[in-house]
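Which chain is which? The protein sequence lines are A and B, in order.
Numbering follows the working numbering, with no gaps: position 380 of the first sequence is 381.
Numbering follows the working numbering, with no gaps: position 287 of the second sequence is 294.
Read the hints as simulated data drawn from the structure, not as lab findings.
Since we're looking at a predicted model, the values are computed, not measured.
Among the hints, erroneous ones may be present.
[Claimed, not checked] Straight-line Cα separation of at most 20 Å, SDA-like style, residue types lysine to any residue; simulated pairs:
#	chain 1	residue 1	chain 2	residue 2
1	B	K158	A	V178
2	B	K158	A	A145
3	B	K158	A	N396
4	A	K435	A	D373
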Amino acid sequence: MQMSIHRSMPQSVTTGVLALLVTLGAGHTGELAAQQMTGPSPDASAELTFTRDVAPILQANCQVCHQPGAIGPMSLMTYQDARRYARRMSRMVEGRDMPPYQYDTDVGIQDLKEDWRMSEEDIATITAWVAAGSPEGDPADLPAPVEWPDPAEFGLAGQFGEPDLIIRSDPYDVPEVGQDRWWRPLVPTGITDDRCIMAIETKPSIEGRAVAHHANSSFRVDGQSAGRLSEYALGKVGEIVPEGACRRAPAGSDVAFDIHYWPNGVDLVDDQVEIGIWFHPEEYEGKYDQTLSLYFLNGGRGYDIAPHGTLMTQGFHSFDTPVRIDSFQPHGHTRLVAMSLQVLRANGRRETVSMVSNWSALWHHSHIYEDDVAPLLEVGDQLIVTGWYDNTENNRYNPDPDQWVGIGDRTADEMSHTWLAITHLDEDGMEKIKADRAARLISEQPDR
Amino acid sequence: MTRLKTTLTLTVVCAATLTVGADAQDWTQREFPLAPSNANENFVAPYFDGFYPNADGTYTLSFGFLNRNDSDLIEIALGEDNFIEPSEFDGGQPTTFPVVGYSGFGGPRERGAFGVVVPADFDGDVWWTVTTDGYTTRVPGRLESPGPIIKGAYELSSGAMAAGSLRPGIRFSEEDLAGWGIGGVEHPEVLTTKVGEPVEVRFWAEDRGERDLGLVNMTLWKHQGPVGGMIAFESMLEAPANAAPARGRARPFGPGPVNTTDVVPIPNEGPLANRGQFTATFDTPGEYVIRIRIDNFGAPDSMPGQQCCWSNGYVVVSVNE
Numbered sequence: 002m003q004m005s006i007h008r009s010m011p012q013s014v015t016t017g018v019l020a021l022l023v024t025l026g027a028g029h030t031g032e033l034a035a036q037q038m039t040g041p042s043p044d045a046s047a048e049l050t051f052t053r054d055v056a057p058i059l060q061a062n063c064q065v066c067h068q069p070g071a072i073g074p075m076s077l078m079t080y081q082d083a084r085r086y087a088r089r090m091s092r093m094v095e096g097r098d099m100p101p102y103q104y105d106t107d108v109g110i111q112d113l114k115e116d117w118r119m120s121e122e123d124i125a126t127i128t129a130w131v132a133a134g135s136p137e138g139d140p141a142d143l144p145a146p147v148e149w150p151d152p153a154e155f156g157l158a159g160q161f162g163e164p165d166l167i168i169r170s171d172p173y174d175v176p177e178v179g180q181d182r183w184w185r186p187l188v189p190t191g192i193t194d195d196r197c198i199m200a201i202e203t204k205p206s207i208e209g210r211a212v213a214h215h216a217n218s219s220f221r222v223d224g225q226s227a228g229r230l231s232e233y234a235l236g237k238v239g240e241i242v243p244e245g246a247c248r249r250a251p252a253g254s255d256v257a258f259d260i261h262y263w264p265n266g267v268d269l270v271d272d273q274v275e276i277g278i279w280f281h282p283e284e285y286e287g288k289y290d291q292t293l294s295l296y297f298l299n300g301g302r303g304y305d306i307a308p309h310g311t312l313m314t315q316g317f318h319s320f321d322t323p324v325r326i327d328s329f330q331p332h333g334h335t336r337l338v339a340m341s342l343q344v345l346r347a348n349g350r351r352e353t354v355s356m357v358s359n360w361s362a363l364w365h366h367s368h369i370y371e372d373d374v375a376p377l378l379e380v381g382d383q384l385i386v387t388g389w390y391d392n393t394e395n396n397r398y399n400p401d402p403d404q405w406v407g408i409g410d411r412t413a414d415e416m417s418h419t420w421l422a423i424t425h426l427d428e429d430g431m432e433k434i435k436a437d438r439a440a441r442l443i444s445e446q447p448d449r
Numbered sequence: 008m009t010r011l012k013t014t015l016t017l018t019v020v021c022a023a024t025l026t027v028g029a030d031a032q033d034w035t036q037r038e039f040p041l042a043p044s045n046a047n048e049n050f051v052a053p054y055f056d057g058f059y060p061n062a063d064g065t066y067t068l069s070f071g072f073l074n075r076n077d078s079d080l081i082e083i084a085l086g087e088d089n090f091i092e093p094s095e096f097d098g099g100q101p102t103t104f105p106v107v108g109y110s111g112f113g114g115p116r117e118r119g120a121f122g123v124v125v126p127a128d129f130d131g132d133v134w135w136t137v138t139t140d141g142y143t144t145r146v147p148g149r150l151e152s153p154g155p156i157i158k159g160a161y162e163l164s165s166g167a168m169a170a171g172s173l174r175p176g177i178r179f180s181e182e183d184l185a186g187w188g189i190g191g192v193e194h195p196e197v198l199t200t201k202v203g204e205p206v207e208v209r210f211w212a213e214d215r216g217e218r219d220l221g222l223v224n225m226t227l228w229k230h231q232g233p234v235g236g237m238i239a240f241e242s243m244l245e246a247p248a249n250a251a252p253a254r255g256r257a258r259p260f261g262p263g264p265v266n267t268t269d270v271v272p273i274p275n276e277g278p279l280a281n282r283g284q285f286t287a288t289f290d291t292p293g294e295y296v297i298r299i300r301i302d303n304f305g306a307p308d309s310m311p312g313q314q315c316c317w318s319n320g321y322v323v324v325s326v327n328e
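So here's chain A without its partners, still in its complex pose (with noise of 0.2 Å):
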């Protein structure tokens, strides 16, 4: 019997910095939880062996991406091939490098949808392992391999099925090297009545996944702007809209691409992009819109980082409405090295709502609040985002820190801002969703 497993992050081959950088890749999964696949206690490191209590956890974190022809450097598939990188692995685990989903764990909300973070009990059961020597074990008790889905797949498809609608942007032939290019296509949807969508991922084609530095996308009726699809950067899954909340498709629209390639040594013919979108049923009356939009730090434009310096930039918002924020993705390029959300309350209390201390431009994840504890804003409440850069030699990813670094599309300048997916309440909707949250707390409290 064959394991299956649908996979939520990108599975391909790849080439160029992207390649370079994955030094192991991780995969999570809502159908195979961590929890689920948690080892034994860290106590009994002396039994661990890897055909039990390790290769469980290879399969839900690691081999996603750790397989022959798929996007980590190098497979993990087998005894051989952990053992070979048994100490890299402990201390890429350790150090909460891999998987890659940089969101601390001891600051803010932590009930995330779509979390790749390891739990703490397997980080412990490949540490202690390790350092037992790297046993093999049995290999009766090797777990049935896992059944990996078509890498070109959406990786929601797991969650939702295949997509609804699938557009395609118009092909586009990327150089092999040269400057960044900007592919603006326009394609009709063929929507014909008002939709709302569930949930959307934008997916660059397996060769283009290197080179598809961004990929933004709005919806145009009639010429006219009538907001935004989709946000996509790089090693970004996709969106979840909450239930109850509608992002809108308008009928008759179009999409507008906006398609950031970085010519990275991948000469791509014909290379596109696709947006999977899944829809509510039509008869779904979202009452209050989510919106997907960019928030600045700082104006987002009159920063500039010295050689060899640091920034932070801060950008305050506050809405006319109450809201709930629904996912936090922070935004930068190779010398945004954190970013923090936090909400002043009215009565001057600040809560710290999320915090990404190790981050990296190479995965744009959209952290996603589990419903339940999304955070809520009464008018007269504001979000205070606060980003962090290093242009000095102790940021890895720094092409180069001589450098005056400041605003600009291009992959070598700097971006300030954050992506935020925002439904918007009235002071009725705001009311139902604490006496919700109040409700399922009380039902969940143990009988007296």
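Start from chain A and add chain B according to the hints.
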């Protein structure tokens, strides 16, 4: 005892000197990270934009700047406060640094103000050093990034952008072939005039690209000249019939005064198609260089933040009393 005291005193003096020197060069000591930009008393940051491979095997290193003030123009004469090393590459950099602001992710940075051509086998750095009020900063132009991972981050391209945009062409006589690029095209003559007497500059400029061609825009800059010397630019162009508002700081179409960073569209239809024309009047004698920047920023794949697409034309003017 006396000797020890002297040693201690010298140590303290040296430490104090080193501290002062370090502070003068430490940008974090000069301003707070989240403080708003100053109206003045801030400094110019030189920028290396990247390098272009040229058809003959050489490379053009592109440099720009960021005037970190909110409003004040800064001028720094060529010399000990504004120089390029190795010295063979010195002399083409601007002495005038206006405050600019571009839409999108263009920001307050001027890109590609000048270029330095290095040979095909160049294997070093070209450093541009700028000192503003005693504060010195410098950047290297180089062909390979030293970071451990990304080596080609600053590689640029003269080829067609995604929608087919290329750098516009510029020439100073009807017979000449158009030139383009950051390194630009130089007017073949040194123009001469007197203080208060306008000098007229004519040129040809046209869109290029692998797409439907459109309008190009003219922006006029005091690139070099005596510190404090002002140039009053007057456009002599009529409003193009097919002009749409350009991105950035577009000025009202038609003849009239042109301030630095104003964008003036050049007609591409009719008897004066692709002809640029303006006057420059100087209030101070000296040697000036005017930079004519021609861009096609109206195209969807052409914006300053994307490092595309403009070309420079340089005009040297000698102004007498």
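Restraint check for B/K158 with A/A145, where alpha carbons must lie at most 20 Å apart | violated, 42 Å
Is the hinted pair A/K435 and A/D373 satisfied, with a Cα-Cα distance of at most 20 Å?
-> holds, 9 Å
Proposed proximity, A/N396 with B/K158 (alpha carbon, max 20 Å) | Holds - the C-alpha atoms of A/N396 and B/K158 are around 14 Å apart, at most 20 Å.
Regarding the pair B/K158 and A/V178, is the alpha-carbon distance no greater than 20 Å?
-> Holds, at roughly 12 Å.
Hint 2 from the list above is the single one not met by this structure.
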